[in-house]
Amino acid sequence: MIYVSGADLHFLFTSAIINWLTFALTKQKKNDFKPRNDEMAFSRVNTEPCILCCEFLEKIRDTANQNLSGKNLEVFLTEIGIAFHR
Numbered sequence: 008m009i010y011v012s013g014a015d016l017h018f019l020f021t022s023a024i025i026n027w028l029t030f031a032l033t034k035q036k037k038n039d040f041k042p043r044n045d046e047m048a049f050s051r052v053n054t055e056p057c058i059l060c061c062e063f064l065e066k067i068r069d070t071a072n073q074n075l076s077g078k079n080l081e082v083f084l085t086e087i088g089i090a091f092h093r
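Residue numbers (this note's numbering): 8 to 93.
Hints are not guaranteed to be accurate.
[Stated by the list, open to error] Derived lysine to aspartate or glutamate pairs resembling EDC-like cross-links, with alpha carbons at most 20 Å apart:
#1 K37 <-> D15
#2 K78 <-> E55
#3 K66 <-> E86
#4 K66 <-> E55
#5 K36 <-> E55
Hint data in this document are derived by calculation from the structure and do not stem from the laboratory.
Work out the full structure: start from the sequences and follow the hints.
The structure is reproduced here in structure tokens:
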């Protein structure tokens with residue numbers, strides 16, 4: 008039997024989530040950030056990587072809310088947010 012501590016699981020889940028988000032962002036193209044004609048049209052366009060990351064983060068949030076509570080939930084979601092922001 009293999010024993011995995013809670014801290015190890017936390018690290019594995021966090022790493023897997025950040026790795027997936029990093030992979031999804033590799034699909035972002037440089038030209039996605041250049042406005043075409045007007046600034047307003049540009050600000051309303053969501054790119055495929057943006058949509059993928061948002062949908063994935065929503066699933067992570069919903070699952071975390073179902074399975075964690077209190078300080079554990081706060082710490083987990085904060086770590087994901089900080090790591091994704093970097």
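Worksheet item: When you check the alpha-carbon spacing of K37 and D15, does it fall within 20 Å?
Response: Measuring from Cα to Cα gives roughly 36 Å; hence the hint is violated.
Item to complete: Given the hint that K36 pairs with E55, test it: the Cα-Cα distance must not exceed 20 Å.
Response: Holds. K36 to E55 sits at ~10 Å (cutoff 20 Å).
Worksheet item: Hey, K66 versus E86, does the alpha-carbon distance stay inside 20 Å?
Response: At roughly 16 Å apart (the allowed maximum being 20 Å), E86 and K66 satisfy the hint.
Worksheet item: Is K78 within 20 Å of E55, Cα to Cα?
Response: violated (33 Å)
Worksheet item: For the pair supplied as a hint, K66 and E55, is the alpha-carbon distance within the 20 Å limit?
Response: Cα-Cα ~17 Å, so holds.
Hint compliance for this structure: hints 1 and 2 are not met, and every other hint is.
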